[in-house]
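Peer 1: Okay, here's what each chain looks like letter by letter:
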Amino acid sequence: MTISTAPVQVGAEIPPAEPPGKRNRLFAWLIVLAGAVYFLLPLVTTGYWSLRAVKDTLGFEAYRRVFADPAFVESFTESVANAIAAIIVSLLIIVPTAYWVTLRLPRLRPVVEFITLLPFVIPAVVLVFGLIRIYGRPPLLLTRTYESSRILLVGAYAALSFPYMYRSVDNGLRAMDVRTLTEAAQSLGANWATILRKVIFPNLRVALLSGALLTFAIVIGELTVALFLAQHTFGPFMANLTRSKVYEPAAMALVAFGLTWAAMGLIAFLTRPRRKVTR
Amino acid sequence: MTPFLSLNGVRKEFAKSVAVEGFHLDVAEGEFVSFLGPSGCGKTTTLRMIAGFETPTEGRIKLAGEDITYSKPNQRNVGMVFQSYALFPNMTVAHNVAFGLRVRKEEASARDERVVQLLELIHLPDKGDAYPHELSGGQQQRVALARALAIRPKVLLLDEPLSALDAKIRDELRYEIRRIQQELNITTIYVTHDQEEALALSDRVVVMSRGRIEQVGPPFEVYNTPATAFVASFVGQLNRLNAVVKDNTNGVLRVGDSEVRTTSPVDAPAGSDVFLMLRPEELTLDDQADNVLTGNVDSVTFLGSIVRVQVAVNGGRLTADLFNERLLLLPVAGESTLVSFPAHACWVMSRESR
Chain A
1 MTISTAPVQV GAEIPPAEPP GKRNRLFAWL IVLAGAVYFL LPLVTTGYWS LRAVKDTLGF
61 EAYRRVFADP AFVESFTESV ANAIAAIIVS LLIIVPTAYW VTLRLPRLRP VVEFITLLPF
121 VIPAVVLVFG LIRIYGRPPL LLTRTYESSR ILLVGAYAAL SFPYMYRSVD NGLRAMDVRT
181 LTEAAQSLGA NWATILRKVI FPNLRVALLS GALLTFAIVI GELTVALFLA QHTFGPFMAN
241 LTRSKVYEPA AMALVAFGLT WAAMGLIAFL TRPRRKVTR
Chain B
1001 MTPFLSLNGV RKEFAKSVAV EGFHLDVAEG EFVSFLGPSG CGKTTTLRMI AGFETPTEGR
1061 IKLAGEDITY SKPNQRNVGM VFQSYALFPN MTVAHNVAFG LRVRKEEASA RDERVVQLLE
1121 LIHLPDKGDA YPHELSGGQQ QRVALARALA IRPKVLLLDE PLSALDAKIR DELRYEIRRI
1181 QQELNITTIY VTHDQEEALA LSDRVVVMSR GRIEQVGPPF EVYNTPATAF VASFVGQLNR
1241 LNAVVKDNTN GVLRVGDSEV RTTSPVDAPA GSDVFLMLRP EELTLDDQAD NVLTGNVDSV
1301 TFLGSIVRVQ VAVNGGRLTA DLFNERLLLL PVAGESTLVS FPAHACWVMS RESR
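As given, the protein sequences belong to chains A and B, one line each in that order.
No gaps in the numbering here: position 26 of the first sequence is 26 in this note's numbering, and each next residue is one more.
In this note's numbering, each residue carries its 1-based index in the second sequence increased by 1000.
Here chain B stands alone, though its shape is the one from the complex (with noise of 0.2 Å):
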């Protein structure tokens, strides 16, 4: 299958830094990818050298087979919507989504036919006439998507566009987001700070660190099984407890006074320190799994649906997400506690990486 929109080996220099090096992605035609990664890791540089923004310093962008490193933003057909939305404040809701199409002098009829069947598509239908400032961020950011789908692009590229509205408009719009992708099987590049967006919104997830990519894939393999010890930190929550080394080839480790079985052989020798990384989620307060560590409880935080319990072990803290449930023993901080977790949520990794 050939990509529809390709990266191959892009960088981009600025004055002083280097702001992405080595990004090389194929995105295939319809498909949701979301860049992921801390500010200031160049998701949004790239972002921009996709829209045309920017130029990069080497390395080749193509859209729908065509080379459009160096084409203009104006030319290049891709629909962007901005984390301040960036609605034309002198102009009314029609008039925005429509500024695209009139540009391209598309006839009136066509236009206004256009105009109507996006704001159906954002549930905004009665809003055609109403100013950006006499709506709230919610309904501007789902005009800025209508503006940005109105011409047609051949890749929607959104930035940050959800990071200035408020938790449950978020959730709500996320939703909207990708129903509206999926309707249009539009290629879409999404660039987040937030895991949970990425993680919910994408078909496959690039996480990226300092300027490079630090791994690709759908949202479950990235969450799982993350390929370096950045991605693991960064994509989710994650223990990190205290560990040495029993038997490398069997996978097995001491964690204080408790051994703790791995499924796979450990990448370090016998009698060296390793950190021990577990998922909150993995964790019960019980004996039933795999391996096994007594601890105390630290604190107890209840959050709706999860509650998320501290307990110290011998070799650290650890934190485990426990589903709530009407019948939920809540346990009590300063008693004592045992915590369990099957052999296969242990991820080892050497004292060296961090």
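Chain A extracted, bound-state conformation (with noise of 0.2 Å):
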């Protein structure tokens, strides 16, 4: 008997059955597609009528207006300032918090947890007036100046992060070995500043960015609080905007979307990771 070497022909045999998905991906085809619509359309409608503050021709106009306008740019670089504060101080309370709850209080979780989520139980329109109450008078008075006024802001914004970042952090942290790792660097004669500096801080890397791009993502348009401290950041000054002119407001939203991804981007592009692997 001779054996064949002849490689075996997969289904050559078995006629293919229709996958039995295919009706199933066509659905999730349409899904994919009604949402595109959904997010896509305004999209496309406000630029098309930002195309159009030249009567009967469609230019670019109202982006040259927008681009001429300080206070836009002013605006935008101060709102971008005030997000990176924000980043930080929002990574410097939480990262060490979220650490230390998981490497030796476990169980004060929940009550983390639900302390993290009152920003989006408590509307901003009360938290700026808290913040009002109790720093706009002696001995705590922070609303006295611009300046000042704007580290509340920042403080502010920090705090509407926390449900984005303690999650992102807490997820990050279940998804490495916290507990073995500290105990090695501390082996190692590593203290608390090193370990959280050296170990945890770069392990939670792509955590900390997703956390950062929601932070950022929230910020950079905020108007409440925003306008009730006074504050010259791009949420007033588009909500100005609007107010007073017809085009602009849309090509101003187009360029702050772009904007924004980009910054995005550019946090992305700044933390990735430098390995070079040589083998």
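Think of the hints as simulated: they come from the structure by calculation, not from any bench.
Predicted, not measured: the structure shown is a model, and the values here were computed from it.
We put the CB at the ideal spot given by N, CA and C, even for glycine.
Among the clues, some could well be false.
Stated by the list, open to error - Calculated Cβ distances over 12 Å to all of chain A for the following chain B residues:
1. Pro1038
2. Val1103
3. Ala1110
4. Asn1185
5. Tyr1223
6. Gly1236
7. Asp1257
8. Thr1284
To be verified - Among the chain B residues that face chain A by a calculated CB cut under 8 Å, a handful are:
9. Ala1051
10. Phe1053
11. Asn1074
12. Asn1090
Stated by the list, open to error - With a cut-off of at most 25 Å between alpha-carbon atoms, the simulated SDA-like pairs for lysine to any residue come out as follows:
13. B:Lys1127 to A:Asp177
14. B:Lys1105 to A:Thr180
15. A:Lys198 to B:Arg1111
16. A:Lys198 to B:Met1091
17. A:Lys198 to B:Gln1310
18. B:Lys1016 to A:Leu103
19. B:Lys1072 to A:Leu103
20. B:Lys1016 to A:Arg107
21. A:Lys198 to B:Arg1152
22. B:Lys1154 to A:Thr180
23. B:Lys1072 to A:Thr180
24. B:Lys1072 to A:Arg179
25. A:Lys198 to B:Pro1132
26. B:Lys1168 to B:Leu1303
27. B:Lys1072 to A:Thr102
28. A:Lys198 to B:Ala1110
29. A:Lys198 to B:Asp1129
30. B:Lys1072 to A:Asp177
31. A:Lys198 to B:Pro1089
32. A:Lys198 to B:His1095
33. B:Lys1105 to A:Trp192
34. A:Lys198 to B:Glu1134
35. B:Lys1072 to A:Leu181
36. B:Lys1127 to A:Thr180
37. B:Lys1127 to A:Leu181
38. A:Lys198 to B:Lys1168
39. B:Lys1072 to A:Arg104
40. B:Lys1072 to A:Thr97
Both chains come to you apart, so use the hints to assemble them.
Peer 2: Printed below as a string of structure tokens:
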């Protein structure tokens, strides 16, 4: 008897059956399409509207005017700076807290989770009036100058970021063996600050990035808190523009949309893993 | 001789249970000591107290003449290797190994030199730039060992370092650990639940059960002259037959219809029920030794270097391990056979102590 060494043709004898998920896949594509229409249609129509600043021609006049407005660049830059400050404050509060809860106080986790969720429960308007009440009079007078109010604004943004930041960091911590890594570092002589800086923070990079991106997205166009603290940030600028102009708000909305994504991309780029792989 | 590491009356209580109690142990410099026992026996807790991750409820721990009972883990200068390797995933192999030296602010040139030296010691000289996830489990554990050794620790602690590895790598790495330990003459405490590992590696084995030390001694002694019933049953395989004491002063027992002679007096009155314990490798399927029993072959399992034969005898069932050789005539299940063993192989245990 000879044994054939020819490769067996898979499926040669059995006629290929219709994939069972074909209808499901079609349905899935329909949902994706519906979602895409839902999200893209407003962008497309806004884009179309923004191009009609000059009568009967499509052009970029509205964009030219937006960029020519010095307040646009100023307010946007200020919002970016505020967002970055809020992200840093939030990280410095959330990472050590989540780390300590994971390592030493796991029973406190539900309590901390609840506290970090509070910004979802408390409306921004309530938050800002609370802040003004507490910090609008001595001994903690912070509303007197524009710059000191800005501290309040950053603080408020950091608090608003807690639900996103805590969840991201907590997920990141759960994904690594925090306790053993900590003990390994301790046995090698590291103190808490070194462990956080050299071991925990770098290994949370992806988690921190997603928390930071979410914070950035919320903070960049935030209106309520900025308005009541009389800050000239991007949110109030945009709201103001909507009241007085026709085509520029549409152009600016798209520019802001693009800039926000670009800024997020920049964060992602700057914090990318720098690993050289040599074998 | 003053001990290099000593644990004196150490006790550790957790909220609901006592994990370790009455733990006394002196370890000489350069000695390799294994803590062996089933899970929950307190071996890892004891190791963690030496490392400083747990604080004893009672007792003192001294290392190199210094009382370290309450000092912080990062001030003890002990090297620790974990079951899960615990390499820092964000750092290359070289950075992992250098971590402890960086923390100590050692000079860069000395640090690099030490890293090269250690990577050579663990036979991974060209993996310095690799990240932990690019290495196999065995390689990662070697790096973890190098990292722990880099700081020139006073004592090296290994917490089941081979448990997560497959059998072949485990064997290789086991000898590697011993080689490195002897080369550096570093005092080592090794926690394991694998008796073979403990016996193969250690100068002395500490057998633990329920938070207490059952026996401390060299592997040969622990295996051949177990101090307690627990040690006898936990370290190595053990056959247990029902027997009755016939003559306690001369050490004669009755197993079924046969008489069994032991070498020492039996610590139980004549006529009382006892257990006769025998190591599988002490049995042969012939009539050449002091004591001979008859039985029927139940099953024969071929394990490569040894052949394991189960024999039903009057008084219980025996497992005999025979060395494989090309001309060995394998017994056949169902046939009758003789089982013999020397008098010195017998170990008698009263039924109450089980």
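Peer 1: Determine for every hint whether it applies to the structure shown.
Peer 2: Status of the hints after comparison with the structure:
Distance to chain A confirms Pro1038 (chain B) as a non-interface residue, since its nearest Cβ pair spans about 22 Å, more than 12 Å. For Val1103 (chain B), the shortest C-beta to C-beta distance to chain A comes to about 4 Å, within the 12 Å cut-off, and the non-interface label is violated. With a least CB separation of 16 Å from chain A, Ala1110 (chain B) remains clear of the 12 Å interface cut-off, as annotated. With a minimum CB-CB distance of about 20 Å to chain A, Asn1185 (chain B) clears the 12 Å threshold, and the non-interface call stands.
Here Tyr1223 (chain B) stays apart from chain A, with its beta-carbon at least about 32 Å from theirs, past the 12 Å limit. With a minimum CB-CB distance of about 32 Å to chain A, Gly1236 (chain B) clears the 12 Å threshold, and the non-interface call stands. A cut-off of 12 Å between C-beta atoms confirms that Asp1257 (chain B) is not in contact with chain A; the least separation is 58 Å. Against the 12 Å criterion, Thr1284 (chain B) stays outside the reach of chain A, whose nearest CB is about 46 Å from its own CB.
Among the interface hints, the one on Ala1051 (chain B) holds; its C-beta lies about 6 Å from the nearest C-beta in chain A, closer than the 8 Å criterion. Evaluation of the Phe1053 (chain B) hint against chain A yields a held restraint, the C-beta minimum of about 6 Å falling below 8 Å. A distance limit of 8 Å between C-beta atoms decides the matter here; for Asn1074 (chain B) the minimum to chain A is near 5 Å, and the interface restraint holds. Because the smallest distance between the Cβ of Asn1090 (chain B) and any Cβ of chain A comes to about 4 Å, under 8 Å, the interface hint for this residue holds.
Under the criterion of a C-alpha separation no larger than 25 Å, the hint pairing Lys1127 (chain B) with Asp177 (chain A) is consistent with the structure, at around 23 Å. Straight-line distance between C-alpha atoms of Lys1105 (chain B) and Thr180 (chain A) comes to about 23 Å, which keeps the hinted pair within the 25 Å bound. Restraint check for Lys198 (chain A) and Arg1111 (chain B): the C-alpha separation of about 18 Å stays at or below 25 Å, so the hint holds. Note on Lys198 (chain A) and Met1091 (chain B): the hinted pairing holds, with a Cα-Cα distance of about 9 Å set against a maximum of 25 Å.
Note on Lys198 (chain A) and Gln1310 (chain B): the hinted pairing is violated, with a Cα-Cα distance of about 57 Å set against a maximum of 25 Å. The suggested pairing of Lys1016 (chain B) with Leu103 (chain A) holds, with an alpha-carbon distance near 20 Å, which does not exceed 25 Å. This hinted pair checks out: Lys1072 (chain B) and Leu103 (chain A) have alpha carbons roughly 16 Å apart, not beyond 25 Å. For the hint linking Lys1016 (chain B) to Arg107 (chain A), the alpha-carbon distance of about 17 Å falls within 25 Å, and the restraint holds.
For the hint linking Lys198 (chain A) to Arg1152 (chain B), the alpha-carbon distance of about 21 Å falls within 25 Å, and the restraint holds. With a CA separation close to 21 Å, the supplied pair Lys1154 (chain B) and Thr180 (chain A) stays within the 25 Å bound. A hinted pair counts as satisfied when its Cα atoms are at most 25 Å apart, and Lys1072 (chain B) with Thr180 (chain A) qualifies at roughly 16 Å. For the given pair, Lys1072 (chain B) sits about 16 Å from Arg179 (chain A) by alpha-carbon distance, which is consistent with the 25 Å threshold.
For a cut-off of 25 Å, the pair hint linking Lys198 (chain A) to Pro1132 (chain B) stands: about 16 Å separates their Cα positions. Between Lys1168 (chain B) and Leu1303 (chain B), the direct Cα distance comes to roughly 16 Å. Compliance with the 25 Å bound is thereby established for this hinted pair. Taking the CA atoms of Lys1072 (chain B) and Thr102 (chain A), the gap is about 20 Å. The hint holds against a cut of 25 Å. The suggested pairing of Lys198 (chain A) with Ala1110 (chain B) holds, with an alpha-carbon distance near 21 Å, which does not exceed 25 Å.
Taken as a hint, the Lys198 (chain A) and Asp1129 (chain B) pair is honoured in the structure, with Cα atoms around 18 Å apart against an allowance of 25 Å. Between Lys1072 (chain B) and Asp177 (chain A) the alpha-carbon distance is near 21 Å, which keeps this suggested pair within the 25 Å criterion. For the proposed pair Lys198 (chain A) and Pro1089 (chain B), the alpha carbon gap of about 11 Å is at most 25 Å, so the pair holds. At roughly 11 Å between alpha-carbon atoms, Lys198 (chain A) and His1095 (chain B) fall within 25 Å of each other, so this suggested pair holds.
About 16 Å separates the Cα atoms of Lys1105 (chain B) and Trp192 (chain A), which keeps this hinted pair within 25 Å; it holds. Note on Lys198 (chain A) and Glu1134 (chain B): the hinted pairing holds, with a Cα-Cα distance of about 20 Å set against a maximum of 25 Å. Taking the CA atoms of Lys1072 (chain B) and Leu181 (chain A), the gap is about 16 Å. The hint holds against a cut of 25 Å. Our distance criterion of 25 Å between C-alpha atoms is met by Lys1127 (chain B) and Thr180 (chain A), whose separation comes to about 23 Å.
Of the supplied pair hints, the one linking Lys1127 (chain B) and Leu181 (chain A) holds, its CA atoms being roughly 21 Å apart against a limit of 25 Å. Of the supplied pair hints, the one linking Lys198 (chain A) and Lys1168 (chain B) is violated, its CA atoms being roughly 35 Å apart against a limit of 25 Å. With a C-alpha separation of about 16 Å, the suggested pairing of Lys1072 (chain B) with Arg104 (chain A) holds against the 25 Å cut-off. This hinted pair checks out: Lys1072 (chain B) and Thr97 (chain A) have alpha carbons roughly 22 Å apart, not beyond 25 Å.
In this structure, the earlier hints numbered 2, 17, 38 are contradicted, and the remaining ones agree with it.
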